[in-house]
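Protein chains: 2
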Amino acid sequence: MEVELKEMLDDLQSLRQSLSDPTLRASIDKLQSRVDHLTHLAKSVPVRRSKVKDMSAEVVDSNPYSRLMALQRMGIVENYERIREFSVAIVGIGGVGSVAAEMLTRCGIGRLLLYDYDKVELANMNRLFFRPEQVGMTKTDAAVQTLSDINPDVVLESYTLNITTVQGFETFMSSLRNKTFCPSKEGSGVDLVLSCVDNYEARMVVNQACNELNQTWMESGVSEDAVSGHIQLLIPGETACFACAPPLVVASGVDERTLKREGVCAASLPTTMGVVAGLLVQNTLKFLLKFGHVSPYLGYSSLKDYFPTMAMKPNPQCSNAACLERQKEYILAKPARDAEAKAKMEAEASAATVDLPLHADNEWNISVVDDSVLESTGGTRSDALPEGLIHELPSADEFQKPPAFEALDTGIVDLEDLRRQLEALNAD
Amino acid sequence: MEVELKEMLDDLQSLRQSLSDPTLRASIDKLQSRVDHLTHLAKSVPVRRSKVKDMSAEVVDSNPYSRLMALQRMGIVENYERIREFSVAIVGIGGVGSVAAEMLTRCGIGRLLLYDYDKVELANMNRLFFRPEQVGMTKTDAAVQTLSDINPDVVLESYTLNITTVQGFETFMSSLRNKTFCPSKEGSGVDLVLSCVDNYEARMVVNQACNELNQTWMESGVSEDAVSGHIQLLIPGETACFACAPPLVVASGVDERTLKREGVCAASLPTTMGVVAGLLVQNTLKFLLKFGHVSPYLGYSSLKDYFPTMAMKPNPQCSNAACLERQKEYILAKPARDAEAKAKMEAEASAATVDLPLHADNEWNISVVDDSVLESTGGTRSDALPEGLIHELPSADEFQKPPAFEALDTGIVDLEDLRRQLEALNAD
Numbered sequence: 042m043e044v045e046l047k048e049m050l051d052d053l054q055s056l057r058q059s060l061s062d063p064t065l066r067a068s069i070d071k072l073q074s075r076v077d078h079l080t081h082l083a084k085s086v087p088v089r090r091s092k093v094k095d096m097s098a099e100v101v102d103s104n105p106y107s108r109l110m111a112l113q114r115m116g117i118v119e120n121y122e123r124i125r126e127f128s129v130a131i132v133g134i135g136g137v138g139s140v141a142a143e144m145l146t147r148c149g150i151g152r153l154l155l156y157d158y159d160k161v162e163l164a165n166m167n168r169l170f171f172r173p174e175q176v177g178m179t180k181t182d183a184a185v186q187t188l189s190d191i192n193p194d195v196v197l198e199s200y201t202l203n204i205t206t207v208q209g210f211e212t213f214m215s216s217l218r219n220k221t222f223c224p225s226k227e228g229s230g231v232d233l234v235l236s237c238v239d240n241y242e243a244r245m246v247v248n249q250a251c252n253e254l255n256q257t258w259m260e261s262g263v264s265e266d267a268v269s270g271h272i273q274l275l276i277p278g279e280t281a282c283f284a285c286a287p288p289l290v291v292a293s294g295v296d297e298r299t300l301k302r303e304g305v306c307a308a309s310l311p312t313t314m315g316v317v318a319g320l321l322v323q324n325t326l327k328f329l330l331k332f333g334h335v336s337p338y339l340g341y342s343s344l345k346d347y348f349p350t351m352a353m354k355p356n357p358q359c360s361n362a363a364c365l366e367r368q369k370e371y372i373l374a375k376p377a378r379d380a381e382a383k384a385k386m387e388a389e390a391s392a393a394t395v396d397l398p399l400h401a402d403n404e405w406n407i408s409v410v411d412d413s414v415l416e417s418t419g420g421t422r423s424d425a426l427p428e429g430l431i432h433e434l435p436s437a438d439e440f441q442k443p444p445a446f447e448a449l450d451t452g453i454v455d456l457e458d459l460r461r462q463l464e465a466l467n468a469d
Numbered sequence: 042m043e044v045e046l047k048e049m050l051d052d053l054q055s056l057r058q059s060l061s062d063p064t065l066r067a068s069i070d071k072l073q074s075r076v077d078h079l080t081h082l083a084k085s086v087p088v089r090r091s092k093v094k095d096m097s098a099e100v101v102d103s104n105p106y107s108r109l110m111a112l113q114r115m116g117i118v119e120n121y122e123r124i125r126e127f128s129v130a131i132v133g134i135g136g137v138g139s140v141a142a143e144m145l146t147r148c149g150i151g152r153l154l155l156y157d158y159d160k161v162e163l164a165n166m167n168r169l170f171f172r173p174e175q176v177g178m179t180k181t182d183a184a185v186q187t188l189s190d191i192n193p194d195v196v197l198e199s200y201t202l203n204i205t206t207v208q209g210f211e212t213f214m215s216s217l218r219n220k221t222f223c224p225s226k227e228g229s230g231v232d233l234v235l236s237c238v239d240n241y242e243a244r245m246v247v248n249q250a251c252n253e254l255n256q257t258w259m260e261s262g263v264s265e266d267a268v269s270g271h272i273q274l275l276i277p278g279e280t281a282c283f284a285c286a287p288p289l290v291v292a293s294g295v296d297e298r299t300l301k302r303e304g305v306c307a308a309s310l311p312t313t314m315g316v317v318a319g320l321l322v323q324n325t326l327k328f329l330l331k332f333g334h335v336s337p338y339l340g341y342s343s344l345k346d347y348f349p350t351m352a353m354k355p356n357p358q359c360s361n362a363a364c365l366e367r368q369k370e371y372i373l374a375k376p377a378r379d380a381e382a383k384a385k386m387e388a389e390a391s392a393a394t395v396d397l398p399l400h401a402d403n404e405w406n407i408s409v410v411d412d413s414v415l416e417s418t419g420g421t422r423s424d425a426l427p428e429g430l431i432h433e434l435p436s437a438d439e440f441q442k443p444p445a446f447e448a449l450d451t452g453i454v455d456l457e458d459l460r461r462q463l464e465a466l467n468a469d
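Just so you know, the protein sequences line up as chains A and B, in that order.
For the record, in the first sequence the residue sitting at position 177 is 218 according to my numbering, with numbers rising by one throughout.
For the record, in the second sequence the residue sitting at position 171 is 212 according to my numbering, with numbers rising by one throughout.
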């Protein structure tokens with residue numbers, strides 16, 4: 042609209058020059074001031090907040106980061122501002138991916154890479170994020186429009202492409218390798234890849250890329266009946282990759298494209314997708330900012346508010362060659378990992394020996410915990426809340442000991458064991 | 042802007058009439074067509090979708106309800122379109138309430154009543170929903186603006202008031218009693234109240250209103266350190282009310298207003314608030330549309346992805362007089378409830394006797410389940426997915442039998458028992 046108004050001003054100017062009558066020239070002046078006013082109106086519609094150089098913890102209404110920086114004072118996160126150094130790639134900007142992108146944008150993530158080839162439709166309006174006036178735009182363009190308005194501090198890169206095509210995969214790989222944002226970073230150019238796609242083929246492509254790049258990623262998904270979903274952490278070589286244990290629908294040899302019939306669509310709900318996006322980004326924050334425990338797998342079954350968890354070891358017979366290479370590397374690096382773990386344990390033990398209690402009798406079990414101890418135990422939250430306040434929920438330890446870590450060990454599905462059992466059965 | 046453009050067209054028209062030179066008149070014609078084009082542009086900027094008379098299940102890109110109506114075909118919900126008959130009141134349009142309002146709006150809820158007295162600030166931008174250009178607007182006005190753009194089919198009522206003032210409470214009560222939207226409805230004028238406030242005083246006011254009106258409501262909250270939250274179902278007389286077991290911070294006699302110190306604010310995260318809003322609205326949908334199991338209490342402890350659940354009976358010594366009245370009514374209605382439950386069980390038993398298997402040997406345990414049986418068991422999902430598709434997660438029953446229901450029974454905190462134990466201790 043600003044271009045059209047500028048052209049109109051030019052037209053009025055040339056018309057004015059061809060007129061000699063002062064009354065007519067005055068009319069043109071009036072019209073010119075009207076156009077100026079309209080230009081002002083057109084410009085003032087999208088009020089955007091200005092960029093913020095440093096994240097401040099100052100508690101004023103105008104500070105968009107005060108509630109996030111408060112995580113440090115609350116003892117949850119050691120250094121929140123580090124979030125500005127991280128790059129996260131989100132593949133699939135649909136019902137889960139778009140909400141995940143908005144959450145990370147509002148948290149002030151450094152850089153987001155967005156991948157999708159689809160367009161916004163009215164049929165997407167039953168999920169959060171996209172608005173009816175964006176119908177017809179590509180999802181990547183619409184997302185960049187909304188996200189840059191919300192937080193201009195985030196560096197947004199938009200890739201309107203299909204990663205399952207040869208050309209799309211090449212661009213996907215080179216964008217993940219690009220280290221311009223943080224040249225000193227080890228490994229690839231991103232810190233985490235979030236898969237928010239809705240089909241098996243695209244998941245296998247993300248899996249292939251991450252195995253090749255030795256890139257940690259998180260998988261997410263929502264069921265066709267809209268009432269359950271999951272998130273999963275995949276570390277090449279260390280956990281099962283997506284090809285290690287393919288889902289049954291593919292294992293049974295059915296081509297999923299034939300499943301999408303004319304006039305039939307999957308159900309979806311903003312609630313389930315919002316919960317899955319929230320769990321996904323919460324685990325992303327825990328992974329990047331090193332607090333709490335990152336779930337290897339977390340399911341959400343909404344009909345009974347049931348949240349299953351498990352962990353899967355990699356499959357030594359995996360069909361993915363890059364996965365097998367990462368598995369070998371992981372096994373070869375075991376002595377180094379063991380030595381590191383031993384050194385850490387010894388350092389903790391010697392620290393404990395030095396910290397002898399000042400008073401031998403300690404009826405109330407009072408202990409002074411040093412900040413460095415809190416860090417080394419992986420960001421356990423401090424209970425130092427303002428006087429009179431209590432944590433709303435008891436920490437999980439008080440309910441069920443041992444917590445998630447150990448429950449996971451017993452829940453580990455060893456694919457190698459399963460394979461041996463299967464072979465024994467076949468041998469009969 | 043349209044007014045200004047119309048004035049400009051009038052100006053051009055009178056200028057044209059005062060000109061005789063055909064070249065000059067042609068210039069004016071050109072300017073007029075430019076203004077027409079600008080008028081068209083100005084009108085097309087806020088593209089709003091038109092209202093939809095009936096929810097259709099037709100699978101076309103232009104249908105905003107196709108993915109929701111698919112819940113019927115998937116066997117999750119019996120009659121999705123009933124959602125248009127329901128009214129939900131949301132008290133507190135902050136980090137949880139605004140997202141809950143957006144989810145219900147996108148689900149096509151009939152009517153939303155929104156209560157808040159606060160204004161949008163940049164400091165709220167670390168949570169979903171509000172945008173920087175809305176800074177300075179009241180949260181209710183900003184919410185109505187966004188929600189009516191997203192779904193014009195929803196009836197929105199906005200109450201910019203503080204329910205903890207005498208005047209505010211009166212308006213709150215009369216708005217809940219108003220039955221204009223659905224005159225035939227039993228009880229109050231709303232089907233559910235969602236409390237999304239951030240302080241004890243406001244929760245006690247919602248509790249008072251709902252006890253007086255015998256109104257079922259749901260409570261939600263997020264901890265000061267931003268990493269945990271909860272939702273709770275409160276049915277006057279049947280479950281503990283908010284005054285039955287006051288939180289420790291209040292029981293210890295600390296005035297929460299003195300806790301909010303200058304320069305100190307609570308931490309908050311879009312992830313935790315998004316998950317709590319998602320769980321809250323998912324349980325709202327289950328409650329209104331009668332599917333799945335509505336959780337009486339569900340916690341979310343994000344550091345370990347731990348989700349505690351419990352149920353609380355009402356306190357016969359509750360300080361809230363209206364709660365005691367509802368408790369009496371609930372006890373008096375017990376014989377009628379028992380008779381109804383017995384009749385239902387007998388009907389199910391006789392239905393089971395009629396359905397003798399056609400074949401006595403049934404090696405694969407195949408059974409034909411009638412739709413009406415599915416309904417009577419409370420919306421158990423049908424496993425009739427399209428060929429080749431499987432449910433992403435096994436149903437909770439396969440993992441842990443018995444499911445949530447029985448675990449809840451053992452977890453019930455009987456306040457009466459606790460009181461007796463306390464009295465016995467005091468008597469020593």
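Check before you lean on any hint, since a few could be wrong.
Identical copies carry no separate label here, and so any pair may be met within one copy or between two of them.
What the hints assert, rightly or not - Taking lysine to aspartate or glutamate and the EDC-like style, the derived pairs with C-alpha atoms no more than 16 Å apart in a straight line are:
1. K71 with D52
2. K71 with D51
3. K94 with D52
4. K160 with D102
5. K160 with E174
6. K385 with E48
7. K226 with E126
8. K345 with E45
9. K71 with E45
10. K385 with D239
11. K92 with E174
Think of the hints as simulated: they come from the structure by calculation, not from any bench.
Note that this is a predicted model, so its numbers are computed, not measured.
Hint numbers contradicted by this structure = Hint check: 3, 6, 8, 10 fail, others pass.
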